[in-house]
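Enquirer: Please work from the sequences and hints to get the whole structure.
For the sequence shown, my numbering assigns the number 3 to the initial residue and increments by one for each residue that follows.
Calculated from the structure, these hints are not laboratory results. Among the clues, some could well be false.
Computed Cβ-Cβ distance ranges for the label pairs, DEER-style [to be verified]:
(1) Ala78 <-> Val49: 33 to 43 Å
(2) Ala63 <-> Glu19: 14 to 24 Å
(3) Pro91 <-> Val49: 17 to 27 Å
(4) Gly50 <-> Ala82: 35 to 45 Å
(5) Val49 <-> Pro75: 28 to 38 Å
(6) Lys119 <-> Leu96: 25 to 35 Å
The beta carbon of each residue, even a glycine, is placed where N, CA and C say it ideally should be.
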Amino acid sequence: MYVDGFVVPVKADRIEEYRAAADEMADLYLQHGALSVVETVADDVPVGELTSFPRAVQLEADETVVLSWITYPDRATRDAANAAVTALPRAAELMTGDVPLAGRRMIFGGFTTLLQKTA
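Expert: Written out as structure tokens, the structure is:
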């Protein structure tokens, strides 16, 4: 399995707007080969003395942290999905203009699976 991970600062008072846009984006990725899309919002995420999720994204007072990931069967599927989705006009509309997230401070990357266990 291949995983794209994201840590995103989102305006706290616009979290529902973010959720709605993320829901639409999730549908686009699922239509192009993603296995799953998960969006989570900070609940127990303290600011650390040296490092933490809030510090990593330079969280501002009116923001919260969103941790997200998308799973794919492999990197080739992920690369093809990213190319297809980013070429869609609807994806561009969702990610431009007055969006509820601070894209410049978002952390993201692709990861190969080291270990996966389920109950």
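Enquirer: Does each hint hold? Answer for all of them.
Expert: Okay, the hints, checked on the actual structure:
A C-beta distance of roughly 38 Å is found between Ala78 and Val49, which places it inside the suggested range of 33 to 43 Å. Between Ala63 and Glu19 the C-beta distance comes to about 19 Å, which sits within the given range of 14 to 24 Å. Taking 17 to 27 Å as the suggested C-beta distance range, the pair Pro91 and Val49 does not conform, at roughly 39 Å. For Gly50 and Ala82, the Cβ-Cβ distance of about 37 Å falls inside the hinted range of 35 to 45 Å, so the restraint holds.
The hint said 28 to 38 Å for the Cβ distance between Val49 and Pro75, and at roughly 37 Å that hint holds. Taken as a hint, the range 25 to 35 Å holds for the pair Lys119 and Leu96, whose Cβ atoms sit roughly 34 Å apart.
The structure is inconsistent with hint 3 alone, although it conforms to all the rest.
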